[in-house]
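Each chain is listed here by its residues.
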Amino acid sequence: MSQKSSGRLYCKGVVLGYKRSLRNQYPNQTRIKIQGVEDRVSTNFYIGKRVAYVYRAKKPIKSIGGKKTKVRVIWGKIIAPHGNRGVVRAKFRNNLPPSSFGKRVRVMLYPSNV
Amino acid sequence: MVFKRFVEIGRVVLVTYGEHRGKLGVIVDVVDQNRVLVDGPQTGLPRQTINFKSLTLTPFKVKIQHGSRTGVVMKALEEKKIMEQWKNTLWYKKLCSRENRRKLGDFDRFKVMIAKKRKAAMVNGQVKKLKSLHTMK
Amino acid sequence: MVSKSRDVRRKLKEQAAKKQAQSTGMSDKVTKAKRKWYPADDKPRKRTSRRKVQKPSKLRASITPGTVLILLSGRFRGKRVIFLKQLASGLLLITGPFALNGVPLRRVNQRYVIATTTKIDIQSVEIPSVDDSWFKKNKKKPKSDEMTDTGKSKLPESFLNAQKSLDSQLVPLVKQVPFLKSYLCSRFSLSYGQFPHEMRF
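Chains as they are written, first to last, in the UniProt record's numbering: chain L, 1 to 114; chain C, 1 to 137; chain X, 1 to 201.
Source of the hints: derived by calculation from the structure; they are not laboratory data. Heads up, a few of these hints could be off.
Here are a few chain X residues that face chain L, going by a calculated C-beta distance under 10 Å [claimed, not checked]:
#: 1; residue: Ser62
#: 2; residue: Gly66
#: 3; residue: Tyr112
#: 4; residue: Ser191
Predicted model only: the values in this text are computed from it and were never measured. Glycine included, C-beta positions come from ideal geometry on N, C-alpha and C.
Based on the sequences and whatever the hints tell you, model everything.
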């Protein structure tokens with residue numbers, strides 16, 4: 001069992017859209033659906049966890065590793081539950097672009113409270 | 001017969017949804033097309049009406065009259081030793097093992113994974129042998 | 001309520017001030033009433049700094065010496081390591097052991113770690129006297145050695161010896177528990193159908 005690289009250490013989530021009422025939206029908070037979380041009680045585990053929206057762009061930029069990659073991240077964190085069905089609200093350092101709706105988001109397991 | 005388990009007075013049921021998940025009860029009366037009055041004194045299921053959607057019928061049946069009180073139901077269950085029969089079923093054992101799997105810690109999960117791999121290796125090894133024998137024939 | 005006149009109130013104040021001066025035995029200079037000498041510049045009031053007294057962050061109840069931890073981030077993410085002790089800075093001192101999974105003596109923040117319920121009894125293990133200054137990076141690089149420098153700095157002997165001695169104590173303990181060695185050698189990851197809020201570690 002030789003594992004050279006790490007496996008998935010994050011939960012899969014999907015960006016549903018901005019926090020909104022019927023006719024107004026508030027882009028500084030996004031709604032996120034985490035896979036496997038179906039009720040409000042379960043969301044307690046994820047509150048405070050860091051979230052990463054990973055996307056690709058045309059121009060390579062310098063990353064933390066020093067190498068230039070086309071992969072970019074917008075970091076954020078889960079701040080509160082949203083409704084009773086396990087949806088969660090997140091705030092990102094920069095607001096997520098609308099092109100992220102329906103796209104994958106990574107809910108990390110840290111800061112851990114286990 | 002296509003159906004073997006019927007909704008009838010005395011049918012033992014398993015509650016599969018809600019607060020009383022996993023408890024056994026007996027159908028004491030039928031309310032309408034969707035609901036029954038259920039009582040499960042042995043497992044702590046209080047006497048109440050439940051929708052069929054939250055129930056599964058078991059192969060066990062008990063002889064009671066419709067509307068029987070909890071005490072009577074308890075006696076009937078004890079006579080037929082329903083709990084013993086239930087605990088001997090594969091169904092119950094599967095439910096138990098599912099519960100146990102949920103409670104496993106990280107190390108236990110690792111050991112289960114190794115056990116599964118070893119079992120699969122043994123089974124696949126035997127299958128390969130049998131296949132090769134078959135092809136040789 | 002009878003409203004007191006200004007004179008009455010002033011008298012009461014003076015009486016109270018006198019009483020306080022008498023009870024504490026303070027000299028006239030300190031009492032607010034009359035001062036003969038004032039400093040030229042405003043002296044800032046010295047406040048006791050809270051930051052000077054820094055306690056290490058409270059260790060979670062689930063983390064005790066000998067607990068197997070799962071690292072969540074960094075170079076060794078996913079690796080299962082053994083917790084040794086909490087350092088003065090609040091960071092956790094951990095090791096793989098290095099001989100098993102390549103994680104050396106290392107500091108890690110509590111928040112980037114999942115504590116499993118698996119524990120090893122390390123009471124008999126002598127943890128090398130390591131503290132935070134051990135891990136401080138040497139920022140000054142000698143420029144003259146650029147030609148001979150391979151780029152990788154060699155660890156001082158004390159590091160390697162400490163690691164070796166620790167490993168020699170820990171590995172036998174690990175081998176006593178069936179499957180624990182391969183458990184520590186493997187990496188943690190989430191697979192399909194596994195949701196951490198439902199899982200027990």
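Results of checking the hints against the structure:
Checking serine 62 of chain X against chain L by beta carbon gives a least distance of about 7 Å; that is within 10 Å, so the hint holds. Against a cut-off of 10 Å between C-beta atoms, the interface hint on glycine 66 of chain X is violated, since the closest Cβ of chain L lies about 17 Å away. With its C-beta approaching chain L no nearer than about 5 Å, tyrosine 112 of chain X sits inside the 10 Å limit, and its interface hint holds. Contact between serine 191 of chain X and chain L, as hinted, is supported at the beta carbon level, the nearest pair being about 7 Å apart and thus within 10 Å.
Of the hints listed earlier, the one the structure fails to meet is number 2.
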